[in-house]
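Number of protein chains: 4
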Amino acid sequence: MFEIRTDLAVEEKESFPGRGGEVKGVSLREWRKACSKIKLTEVAILDEQGARAMGKPVGTYVTMEAKALAKGDEDYHREVAEELSVQLKTMLKELKKKHKVPDRKDIHVLVVGLGNPSVTPDSLGPKVLGNLRVNRNMDEGQEDAVLSGIVPGVMAQTGMETAEILKGIIHETEPDMVIAIDALAARSIRRLGTTIQLTNTGIHPGSGVGNHRHSLTEESLGLPVLAIGVPTVVGAAAIVHDTIAALGKTLASHMETQEMGDFLDQLDPDEQYQLICELLEPEFGALYVTPPDIDQTVKRLSYTISEGIHMAFFSHFSAS
Amino acid sequence: MFEIRTDLAVEEKESFPGRGGEVKGVSLREWRKACSKIKLTEVAILDEQGARAMGKPVGTYVTMEAKALAKGDEDYHREVAEELSVQLKTMLKELKKKHKVPDRKDIHVLVVGLGNPSVTPDSLGPKVLGNLRVNRNMDEGQEDAVLSGIVPGVMAQTGMETAEILKGIIHETEPDMVIAIDALAARSIRRLGTTIQLTNTGIHPGSGVGNHRHSLTEESLGLPVLAIGVPTVVGAAAIVHDTIAALGKTLASHMETQEMGDFLDQLDPDEQYQLICELLEPEFGALYVTPPDIDQTVKRLSYTISEGIHMAFFSHFSAS
Amino acid sequence: MFEIRTDLAVEEKESFPGRGGEVKGVSLREWRKACSKIKLTEVAILDEQGARAMGKPVGTYVTMEAKALAKGDEDYHREVAEELSVQLKTMLKELKKKHKVPDRKDIHVLVVGLGNPSVTPDSLGPKVLGNLRVNRNMDEGQEDAVLSGIVPGVMAQTGMETAEILKGIIHETEPDMVIAIDALAARSIRRLGTTIQLTNTGIHPGSGVGNHRHSLTEESLGLPVLAIGVPTVVGAAAIVHDTIAALGKTLASHMETQEMGDFLDQLDPDEQYQLICELLEPEFGALYVTPPDIDQTVKRLSYTISEGIHMAFFSHFSAS
Amino acid sequence: MFEIRTDLAVEEKESFPGRGGEVKGVSLREWRKACSKIKLTEVAILDEQGARAMGKPVGTYVTMEAKALAKGDEDYHREVAEELSVQLKTMLKELKKKHKVPDRKDIHVLVVGLGNPSVTPDSLGPKVLGNLRVNRNMDEGQEDAVLSGIVPGVMAQTGMETAEILKGIIHETEPDMVIAIDALAARSIRRLGTTIQLTNTGIHPGSGVGNHRHSLTEESLGLPVLAIGVPTVVGAAAIVHDTIAALGKTLASHMETQEMGDFLDQLDPDEQYQLICELLEPEFGALYVTPPDIDQTVKRLSYTISEGIHMAFFSHFSAS
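Going line by line, the protein sequences match chains A, B, C and D. Going by numbering that gives the first Met the number 0, 117 is the number at position 118 of the first sequence; the sequence numbering is gapless. Going by numbering that gives the first Met the number 0, 275 is the number at position 276 of the second sequence; the sequence numbering is gapless. Going by numbering that gives the first Met the number 0, 165 is the number at position 166 of the third sequence; the sequence numbering is gapless. Going by numbering that gives the first Met the number 0, 48 is the number at position 49 of the fourth sequence; the sequence numbering is gapless.
A portion of the hints provided could be inaccurate.
Far from chain A, some chain B residues (derived; all Cβ distances over 10 Å) [what the hints assert, rightly or not]:
1. Arg-28
2. Lys-32
3. Lys-36
4. Ala-50
5. Val-85
6. Ser-147
7. Phe-316
Cβ-Cβ distance ranges computed for the label pairs, FRET-style [said to hold, decoys possible]:
8. B:Glu-29 with D:Lys-66: 46 to 52 Å
9. B:His-170 with A:Gln-48: 34 to 40 Å
10. B:His-170 with A:Lys-97: 26 to 32 Å
11. C:Glu-93 with A:Arg-77: 30 to 36 Å
12. D:Met-137 with C:Lys-88: 25 to 31 Å
13. C:Lys-36 with D:His-315: 56 to 62 Å
14. C:Glu-218 with D:Ala-43: 27 to 33 Å
15. C:Asn-136 with D:Ser-26: 48 to 54 Å
16. D:Asp-138 with C:Gln-48: 36 to 42 Å
17. A:Arg-189 with D:Ser-26: 42 to 48 Å
Restricting the straight-line Cα-Cα distance to at most 20 Å, the calculated cross-link-like pairs of lysine to any residue (SDA-like) are [unchecked claim]:
18. C:Lys-298 with D:Ser-117
19. C:Lys-70 with A:Arg-132
20. D:Lys-70 with B:Arg-135
21. B:Lys-70 with D:Arg-132
22. A:Lys-97 with A:Val-57
23. B:Lys-70 with D:Phe-316
24. D:Lys-298 with B:Asn-130
25. A:Lys-70 with D:Ala-155
26. C:Lys-70 with A:Ile-106
27. B:Lys-23 with B:Cys-34
28. B:Lys-38 with B:Lys-66
29. B:Lys-298 with D:Arg-299
30. B:Lys-92 with B:Ala-155
31. C:Lys-298 with B:Ala-43
32. D:Lys-70 with D:Thr-193
33. C:Lys-70 with B:Ala-155
34. D:Lys-88 with D:Leu-39
35. C:Lys-70 with A:Asn-134
36. B:Lys-70 with D:Met-137
37. A:Lys-38 with A:Gly-54
38. C:Lys-97 with C:Arg-189
39. A:Lys-298 with A:Asp-138
40. B:Lys-70 with D:Thr-172
To be clear, the hints were calculated from the coordinates, so they are not data collected in a lab. Predicted, not measured: the structure shown is a model, and the values here were computed from it. Every residue, glycine too, gets a C-beta built ideally from N, C-alpha and C.
Produce the entire structure from the sequences given, and follow the hints as far as they go.
Below, the structure is given as structure tokens:
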């Protein structure tokens, strides 16, 4: 139930020894648009070897990062929304090329707002759906995409797996693809509210702030699943881990003996995590750490993401 | 789209000329429990003739009424919750006798909270689900019923018919029956927040505060559907109708001529409604009338209803 | 307690016989900006004679109207926000000229979000405050205005008059002026969500959707009070009145006798209202009529108004 | 800004070496009612020496604890509400004996719901106020207490200190005393949602989940202030501290050398905290740790607390 983790591929990549070092089966690309404060990173997990190393499935993970996202600058959010729409369209094009979704403008996209609307850091998905303009119920003879949307709720409130609910709805309404929105857990506090991750691999067990036991993937749902996420919490275990690391350094520099530091250095990351789990598990369960202004962050970014989706799928939104 | 209506069978029955008069194919029973302020009414629509006369499908409609429900007396709400559980169990027993649901204690009930959580008088269903204790996700080897629950949202937010969403979920999770909770439209203001209706006929087009175009019935969902509703609004047309009637009486008593009153008397109810529709439709659409303290009413009654369901299905709740 | 009314000066003006006709002590000005769909109307009540005729205090009432406001076009809302900021700045300039507020850039403005956050059509004020960027708590050495904000709640929840709460806060924090935001009651349904009224007369008894018994004016608070309002409801009595008027016309054209129509024509507006009150009062109380999609309207316009305030007071917002 | 702390006097007391050991100027009393699962603890800080040792002001801190509080057992919550009302009445009697509040039944109590309604673990105060029955606005010739209530909001939303807002309201409405409700920070995770603290010392800087810089005490507000709190978060620093302690033990038992453990033992608590602060401050700010089901806890306990207040002040509630 409890798990130390990051939902961000870019953080997983950074955690490898000799940061920036090569991992077999994983490619990394970083770039910035001209005149933009947004840093883009694409982590591509190319094969099973990369997947094992990263603990994440094969696929593409694009990260948009900017410290200013944590602030409420409106023009800035528009820029991020546009970048999100560009990345969404790129992934969509690829899905069409691979004949995973039909090459029509009016494809039907089911947008899923995961999470618990009454727990602030877990409410990103429901809030995005609150801003979303669905049009499947309108008779528009349109050339745009057809959007439908659902907030499936969390298992403690429904008694059902999210995957069950979605499979049923997909069975009835036959969308061409799914976009799932979820609040994520990061390993580093500086990521909170400053990063958007877009991936074509769907949602995996242990992803997200809440506890979504079953995966929401092409394999489980029978449809391509893009996932958009923003880290809003850090697991308590990650905090403890980072602090132990920092403590190790402090001890090494402040004390004559380096044994404590040495001890920590001797542990490989898996062993360190094991130790943390032993310490935390019985008492802490799935506790998470979140800043007190997370409500503002979630409100703002839910708007940015819904705008990004509108720009990607509705022609009259993209001309800005 | 716009429709003058009451969702309460008891009001429909009252509207017949010579109130309390007999309607072919409809039976009426009224009673009070000893020492209780709750008035119970059962309207049974027995055949197609009754259904046509009442404009509602064949089935049983039980109404629990009490002025005190509009107040916040807690002991009182407990009494109403208990009465609701008694009526629920009676309907359940009948469903079992007719072999529509299996005669086991641990039947699986899907509870559906209809309506829009962000529109106060339409938020009854979602609020009941917020209080509901689902247990399908727990492994209890229990003798109690298995409850799951869903808030499907409204079409303007999902782009999907509620019936589509529910059919899908039923297909996947295979409940034995459905209980649907909805805010209702009454014809009389004094019903707002003072009445709970329980019926075994499900939800029909035009029922509820919002606009649920497709019906949620045994026919459409393939499962027995009990529906629990509380009137929280009166359609604008009903207000106008009542006022015209009152105006007719005022004119008749205040003026020398009685032609206006006579004119209104000559119109049968259908014609009166037709006239009102002509007047209202272009301008008013689906407007409704609601009191300013409806938030308190919805909050309290959502708790009463969730408790009634708990008492009906969970053994450790019923011993009070 | 119950009252038939409009909070819009422009509607009050329209209600005079020979619409558009002159009223002594009241001036009317209508205009459109070039290339804009926004219609502006300024009703100036010049003296006590005008005030008596209009049933509203001496002062200026500016209305921004546009059907498109009911839709979610974002660029359009920006245009309205800008126009609101222009009108706010005009009123502010006048207050400075009259030495009612100091002629400094960094004046301290207390923004008040009136209404009940848990009743959808009454939640405009609290929602605007949810979007507002206050800065009184920041130490910025700024040249901008200093904003503080409060959601005082409603008397049923606080047991206090809103005026008491505000007087206390003003006593402690000494702002230079107040801007009060409130949901309004209109007389005509087509105004709902399509009109913003800005006035320099504050809030008066009977204004707003809820029941604010005491006035919030320069007289009661000791400070200039600008008020921004959007009609979100129509009183049930206004609906009835409009329908009776329409019924009169229908009867006049459909019946041989015109007595009913004549009867209604003979009544002057006050008498008509008196009749409606007699009919409605005992049963209906302060009921109001509102459309089912009012949640979307309130959400959108709360954003438009907060942006208008930001543009009026923060220099880095106005350069768009 | 950042602070490692517990708002619970009982935890502060437990932290002293030789747990349960005597602290000069502090008395401790623990008891259980017959047939009750509630454990009561009274920590009385008797003088300045005790205040310095405890880091909390002179006064009485009563804690009601029960693991079952974290569950949703309704009868159980009623028992806790009754115990809270007993303790409230005891503190009230003492205030009357000391002539700090008038010895009348109809004293006027201002109930203050501190915290941010849109951040789940900080929303306890606003939620209690949502359940509270104020009656100051009613003309009842009553013998009961007069309750008024306010949700002042948080400084990031108002730009004002909570103390400023309250001082103003007290100036205008002249209550006899204040009861402040706030979400608290505990040091131990097992306290979350299982403990209610009642104190006659008011709210102090650094108390509560959010950041209330100024104190709300008899000194600052000019009135006796009772405070009711429930721990809903643990500061990130406390987690780190507990883990370091546990790590120390693990190292001591698993490693040959005990230097690491020794190192930690050598540090007195203040030094340990200093170290944690150094580690956490730059990066973590005021981060807190909270469980994912905190929404349910806050919902349930807000109801328990409002009922406790009703039972303490309204005669028709106490006869249960």
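Hints, verified against the model:
With a closest Cβ-Cβ approach of about 36 Å to chain A, B:Arg-28 is found to remain outside the 10 Å limit, as its non-interface label requires. In this structure B:Lys-32 is separated from chain A by more than 10 Å, as the shortest Cβ-Cβ distance comes to about 33 Å. With a minimum CB-CB distance of about 33 Å to chain A, B:Lys-36 clears the 10 Å threshold, and the non-interface call stands. No Cβ of chain A comes within 10 Å of the Cβ of B:Ala-50; the nearest lies about 29 Å off, and the non-interface call holds.
Listed as outside the interface, B:Val-85 is consistent with that label: its C-beta sits roughly 25 Å from the nearest C-beta of chain A, beyond the 10 Å cut-off. With 10 Å as the threshold on Cβ separation, the claim that B:Ser-147 sits away from chain A is violated: the shortest Cβ distance comes to roughly 4 Å. Non-interface status of B:Phe-316 relative to chain A is upheld: no Cβ of that chain comes within 10 Å, the nearest being about 17 Å off. At roughly 48 Å, the beta carbons of B:Glu-29 and D:Lys-66 sit within the given window of 46 to 52 Å.
At roughly 39 Å, the beta carbons of B:His-170 and A:Gln-48 sit within the given window of 34 to 40 Å. As the Cβ distance of B:His-170 to A:Lys-97 is approximately 29 Å, the hint placing it in 26 to 32 Å holds. Checked against the given bound of 30 to 36 Å, the beta carbons of C:Glu-93 and A:Arg-77, roughly 34 Å apart, stay inside it. A hinted range of 25 to 31 Å for the beta carbons of D:Met-137 and C:Lys-88 is inconsistent with their spacing of about 43 Å.
Taking the beta carbon of each, C:Lys-36 and D:His-315 are about 58 Å apart, inside 56 to 62 Å as hinted. At about 51 Å, the beta-carbon gap between C:Glu-218 and D:Ala-43 misses the expected band of 27 to 33 Å. For the pair C:Asn-136 and D:Ser-26, the beta carbons lie near 40 Å from each other, so the given range of 48 to 54 Å is not met. The beta-carbon spacing between D:Asp-138 and C:Gln-48, approximately 37 Å, falls within the hinted interval of 36 to 42 Å.
Evaluation of the 42 to 48 Å hint for A:Arg-189 and D:Ser-26 yields a pass: the beta carbon distance comes to about 46 Å. The suggested pairing of C:Lys-298 with D:Ser-117 holds, with an alpha-carbon distance near 16 Å, which does not exceed 20 Å. Between the alpha carbons of C:Lys-70 and A:Arg-132 the distance comes to roughly 12 Å, so the proposed pair stays at or under 20 Å and holds. Between D:Lys-70 and B:Arg-135, the direct Cα distance comes to roughly 18 Å. Compliance with the 20 Å bound is thereby established for this hinted pair.
For the hint pairing B:Lys-70 with D:Arg-132, the CA-to-CA distance comes to about 12 Å; that is within 20 Å, so the pair holds. About 16 Å separates the Cα atoms of A:Lys-97 and A:Val-57, which keeps this hinted pair within 20 Å; it holds. Distance hint between B:Lys-70 and D:Phe-316 is fulfilled; the C-alpha atoms sit about 14 Å from each other, no more than 20 Å. Restraint check: the Cα-Cα separation between D:Lys-298 and B:Asn-130 comes to about 10 Å, which is no more than 20 Å; the hinted pair holds.
For the hint pairing A:Lys-70 with D:Ala-155, the CA-to-CA distance comes to about 14 Å; that is within 20 Å, so the pair holds. Between the alpha carbons of C:Lys-70 and A:Ile-106 the distance comes to roughly 25 Å, so the proposed pair goes past 20 Å and is violated. Proposed proximity of B:Lys-23 and B:Cys-34 is contradicted: the alpha carbons are some 33 Å apart, above 20 Å. Between B:Lys-38 and B:Lys-66 the alpha-carbon distance is near 10 Å, which keeps this suggested pair within the 20 Å criterion.
Using a Cα cut-off of 20 Å, the hinted pair B:Lys-298 and D:Arg-299 holds, with the two alpha carbons roughly 14 Å apart. The suggested pairing of B:Lys-92 with B:Ala-155 is violated, with an alpha-carbon distance near 37 Å, which exceeds 20 Å. With a CA separation close to 43 Å, the supplied pair C:Lys-298 and B:Ala-43 exceeds the 20 Å bound. A threshold of 20 Å between alpha carbons decides the hint, and for D:Lys-70 with D:Thr-193 the separation of about 9 Å falls inside it, so the pair holds.
Taking the CA atoms of C:Lys-70 and B:Ala-155, the gap is near 14 Å; set against the 20 Å cutoff, the hint holds. Between D:Lys-88 and D:Leu-39, the direct Cα distance comes to roughly 15 Å. Compliance with the 20 Å bound is thereby established for this hinted pair. Distance check on the hinted pair: C:Lys-70 and A:Asn-134 sit about 14 Å apart at the alpha-carbon level, within 20 Å; holds. The suggested pairing of B:Lys-70 with D:Met-137 holds, with an alpha-carbon distance near 15 Å, which does not exceed 20 Å.
At most 20 Å may separate the alpha-carbon atoms for a hinted pair to count; A:Lys-38 and A:Gly-54 exceed this at roughly 24 Å. This hinted pair does not check out: C:Lys-97 and C:Arg-189 have alpha carbons roughly 36 Å apart, beyond 20 Å. Between A:Lys-298 and A:Asp-138 the alpha-carbon distance is near 31 Å, which puts this suggested pair outside the 20 Å criterion. A threshold of 20 Å between alpha carbons decides the hint, and for B:Lys-70 with D:Thr-172 the separation of about 27 Å lies outside it, so the pair is violated.
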